[in-house]
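Asks: Required output: the full structure, derived from the provided sequences and hints.
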Amino acid sequence: MKVRIGVVVFPGSNRDIDAINALQLAGAEPVRLWHEQSSLDGVAGVLLPGGFAYGDYIRAGVIARFSPVMGSIASFAADGGLVLGICNGFQVLAEAGLVPGALLRNRGLRFVCRQVAIVPERLDSPFTSLVGERRALRMPIAHGEGRYYADDATLDAVERDGQVLFRYAALDGTPSRDPSDPANPNGSLRGIAGVANAAGNVAGLMPHPETAVESVLGSDDGLLVIRSFVESARERAGGGARVEAAVAGAR
Amino acid sequence: MTSYRFAVNVTPKPGILDPQGRAVEGSLGHLGIDGVSEVRVGRRVELTVEAADEGAARAVVERLASELLSNPLIEAYAVEVLGAASSTLSAEAVR
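Just so you know, the protein sequences line up as chains A and H, in that order.
Going by this note's numbering, the residue at position 176 of the first sequence is 176; the numbering climbs one at a time, nothing skipped.
Going by this note's numbering, the residue at position 17 of the second sequence is 17; the numbering climbs one at a time, nothing skipped.
If you're looking for bench data, these hints aren't it; they were derived computationally from the structure.
Hints are supplied without guarantee of correctness; some may be wrong.
Claimed, not checked - Here are the simulated lysine to aspartate or glutamate pairs, DMTMM-like style, with alpha carbons at most 20 Å apart:
no., chain 1, residue 1, chain 2, residue 2
1, H, LYS13, H, GLU80
2, H, LYS13, A, GLU145
3, H, LYS13, A, ASP151
4, H, LYS13, H, GLU25
5, H, LYS13, H, GLU67
6, H, LYS13, A, ASP152
7, A, LYS2, A, ASP41
8, H, LYS13, H, GLU62
Replies: This is the structure we're talking about:
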């Protein structure tokens, strides 16, 4: 039995198809969740894909934050459910206060669409558990508002509490901490590319692991992140030995 | 019920890098202007609220401004009362 993962679709989402493809490659059964529904259809995890929900009007992610599905996602997250926001999904989670900080206009003012490298700061999170080693992961970014910002006290807290999941990095895996470092594509403070909530079950990142899932696309490093998420959701769903056996059988 | 017209001015908080403001500053030389600094680019929203009195109308605007129109982590807002004038008229008055 495949683990069911919800993919939220807002008006203006455009990476939902990539997310569905990546989840299928990771062995999950994707379930579309329309923004106007408040039921999560019993999914074991939720993925908020990239795009331009509600045209990014006012601020990226803020109008989506008030949609019915987000109320249910907040409750799901409060109960320990796994939630992963990618790009615009990260912006929605930040606006909803489900992850700390905010995403501002890129330092260089330009929309940046290119391959970058990020390095996982933790290998024991539900979103990085299968990455295996602390090395550069290559995947694309495509955003105009991705500059991670939080005040100094919040930055110190997220660093201290292990909530920084990914940092922009050089190809050799050296993390970039300075906003003006060439490896930092948008001026993110302390080079933060991905961050989790205090409980560790909600995460957002600006790069797109779901579009780096096959080597023909330039990198399949992103699949490690998607598979980590799917496997962690499967474990948390508590399907027990029967599911585990079915998974082993499927392999 | 009475109609009240408001403007909400949203600006980046002090200390937050505002690349749009920087870009405006960078263009000043092309206009032959000097002596201008600390440009901050924000957003202005004008709206009409139907309410029993101005206090009630203002409470609605404050909620909208703090929850939707601004993000308290990065932006400050100020509410301005425009009275009953339409936005076009008030824009004329500003000029």
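Asks: Each of the hints needs a verdict: does it hold here or not?
Replies: Taking the hints in turn, this is what the structure says about them:
1. LYS13(H) / GLU80(H): 18 Å, holds
2. LYS13(H) / GLU145(A): Roughly 17 Å separates the two Cα atoms, so the pair holds.
3. LYS13(H) / ASP151(A): 11 Å, holds
4. LYS13(H) / GLU25(H): Status holds; Cα separation ~18 Å.
5. LYS13(H) / GLU67(H): Distance ~16 Å between LYS13(H) and GLU67(H) Cα, so the pair holds.
6. LYS13(H) / ASP152(A): Answer holds: LYS13(H) to ASP152(A) is near 14 Å, not above 20 Å.
7. LYS2(A) / ASP41(A): 15 Å, holds
8. LYS13(H) / GLU62(H): Between LYS13(H) and GLU62(H) the Cα gap is close to 17 Å, so the pair holds against 20 Å.
Hint compliance for this structure: every hint is met.
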